[in-house]
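Trainee: Next come the chains, spelled out residue by residue.
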Amino acid sequence: MVLTFNDDLCKGCDLCVDVCPKKILRLDDTRVNAKGYNPIICTNMDDCVACGICAMICPDSVIKVVRES
Amino acid sequence: MKILMKGNEAICDAAIKAGCRAFFGYPITPQNEIPEYMAAKLADSGGVFVQAESEVAAINMVYGAAAAGVRVMTSSSSPGIALKQEGVSYLVGADLPCVIVSVSRSGPGLGGILPAQSDYFQATRGGGNGDYYLPVYAPFSIQEAMNLVVKAFDVADEYRTPVMVLLDGMLGQMMEPCMLPEIKASNYDNSWAANGNSGKRPRNTITSLNLKGEGLEAMNIRRFKTYDTIKEKEIMVDNRVQDGDEVAIVAYGTPARIALNAIEMLKEQGIKAGLVRPVTLWPFPYDTFQNLTSSVKRVVVCELSMGQMIDDVKIGLAGKLPVSFYGRTGGMIFEPEEVAAYVKSCI
Amino acid sequence: MSKVVYEKSRGLTDNPLSYCPGCAHGIIHKIVADTLTSLDVLERTIAIAPVGCSVMAYEFYNCDGIQAGHGRAPAVATGVKRTNPDKIVFTYQGDGDLAAIGAAEIVHAAHRGENITVIFVNNAIYGMTGGQMAPTTLIDMKTSTSPKGRAEAGTGKPLLVSEMLAQIPSVAYIERVSIHDVPNINKTKKAVKKAFQNQIDGKGFSMVEILSTCPIGWNKTPSASLKFIETNMVPYFPLGVFADSPAKEVAE
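Protein chains in written order, with the numbering used here: chain A, 1 to 69; chain B, 70 to 416; chain C, 417 to 668.
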């Protein structure tokens, strides 16, 4: 399962962090994107079930979800 | 072959012939025959008529049709034109062409329905917000009104601006023999229009918004360069002052015809006067007043108002000649005798 | 074999959205953009943007766009649609734009049965100008112009716009939906799709009222704001269909 993030569009709003059923998303406080926000990061890609909820709720189309079968 | 037509209706025939494909209006005296005629006739030529819920809505429908690249017209009278001013400012800010016919009545406020010229400032100084002007045409006959409506559509498209044709209520209501003007084929580029063809070209956006100071300033400066071109090429003035005339009478619209009668009366009393009749109220013919023949010693401005165009006449004269004013307001119309008597009293 | 579950819609431009972090305008933009591409009408669509937070929506939809005066979008849309009946025209408006200054325009576009689609985003506040009270601000809700909380006395109860417009005989379809969680996002997608399909089929005036958020104006986190819709907005603004009778006679 592959999540890819368009970091510079992220505004660190946390919506995806809250809705992820696997709790594998969080804001990366070690870096800052072009807008000055801490962008999103996936803490454990293997646990991702590619449900796509994070991408659906994200207001800024930051997340692309691809299911590998 | 001339036919007898009412001003308001003749204007519609001219607009339809000029390719007007949409009209959005609202009832208000004394321009009602325009929406009525358009309601009856526009669809015959494949055009669209909508009676809007207000003049505010009407001018915004005009904005929509113009943004989509369609020749569009609206009309109203005095308070209705006042309601449209925000929309006009948006049309200017988005560089959108359209024709606005203003058939003025007496004011202020609900005022009256008799003809007046107390909307000169509203027309020429722009009633909306921001730096802008509208080309304003002031016919004094029904034939000229038809010709100027056709010209208004061309000027609107050529310079991408709203254009106003300003009539006093008399011209809208009276009937005169007239003929549909010839229309020269015109194909103005409207590839900028937001007409829903973003599959065939980059997407188009129509907006007057620019939150960056430099951006908006650049838009305004570019627009004023266009205004300079309009001033160079589009000024129209009917200057009948001749050598030997000692008084120049300045009037526009139907009052100019009254002034012509007064001039005849004055001639019989041995007083030589000539008419200066601005046809474009904006751009105003300032130079005409700098170059009046040297025999002219005095200028008399006649308006159906408390004096508005007189300000522009003074700007044009720049103190070169003394200026007097004779006006009636509230819908009252001066008689030729009154004007002649006043002019005589000034000499 | 890999399958794309979700990616940015082709119906959105590359311009980053100007909305505050977590504002649901972004969610709604995606829903509308996905609908335009799935119905394959994007290239013949004209978006009419209001004045408000979504004033620059015409820079976000990947089709022709027109910015309308505050409250005037339904009139602008009328001018566009009547002269270009084969194009898809939609207005995207906030609650101040549609229900306050633009109340006459929306009522009369519905009254005329204009064959347009209206996306009405109700977040119960004026966001762009700094969080003032809107016609849909809830009772007791604090805003910059109801600092002690909106009191019914003097400002009335929040306006039920969908119910109000549903009384207009020539309306084809009105539904109120929300985006506060994924199931409701899916319901919103269905409603928005129907509202555009009505226009494609020439069935007349269709509006979707979408309950939305204003994290900054509500002084809540984005997630708490979505929750607030569920706990406070939905009880007062019931979700559902308020009109569904496609017009017989629609202006061509």
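Take these hints with a grain of salt, some might be off.
A few chain C residues that don't get close to chain B, going by computed Cβ distances all over 12 Å [unchecked claim]:
#  : residue
1  : Arg460
2  : Ile462
3  : His486
4  : Pro490
5  : Gly495
6  : His524
7  : Glu530
8  : Gly570
9  : Lys603
10 : Lys619
11 : Asp660
Example chain C residues on the side facing chain A (calculated, C-beta under 8 Å, incomplete) [claimed, not checked]:
#  : residue
12 : Val420
13 : Glu423
14 : Arg426
15 : Ser434
16 : Tyr435
17 : Cys439
18 : Ile584
19 : Pro599
20 : Ile601
21 : Ser639
Here are the simulated lysine-lysine pairs, BS3-like style, with alpha carbons at most 30 Å apart [claimed, not checked]:
#  : chain 1 : residue 1 : chain 2 : residue 2
22 : A       : Lys22     : C       : Lys424
23 : C       : Lys610    : A       : Lys64
24 : B       : Lys336    : B       : Lys281
25 : B       : Lys86     : B       : Lys75
26 : C       : Lys636    : C       : Lys558
27 : A       : Lys64     : C       : Lys573
28 : B       : Lys269    : B       : Lys341
29 : A       : Lys64     : C       : Lys424
30 : B       : Lys269    : C       : Lys609
31 : C       : Lys419    : A       : Lys22
32 : A       : Lys23     : C       : Lys606
33 : C       : Lys606    : A       : Lys22
34 : B       : Lys389    : B       : Lys336
35 : C       : Lys419    : C       : Lys606
36 : C       : Lys643    : A       : Lys22
37 : A       : Lys23     : C       : Lys610
38 : C       : Lys603    : C       : Lys564
39 : B       : Lys86     : B       : Lys341
40 : A       : Lys64     : C       : Lys605
Because the hints were derived from the structure by calculation, they are not lab data.
A virtual CB, placed ideally from N, CA and C, is assigned to each residue, including glycine.
Trainee: Which earlier hints turn out false for this structure, listed by number in ascending order?
Mentor: Checked against the structure, the hints that fail are numbers 1, 2, 3, 4, 5, 6, 7, 14, 15, 18, 19, 24, 27, 28, 37, 38, 39, while the rest are satisfied.
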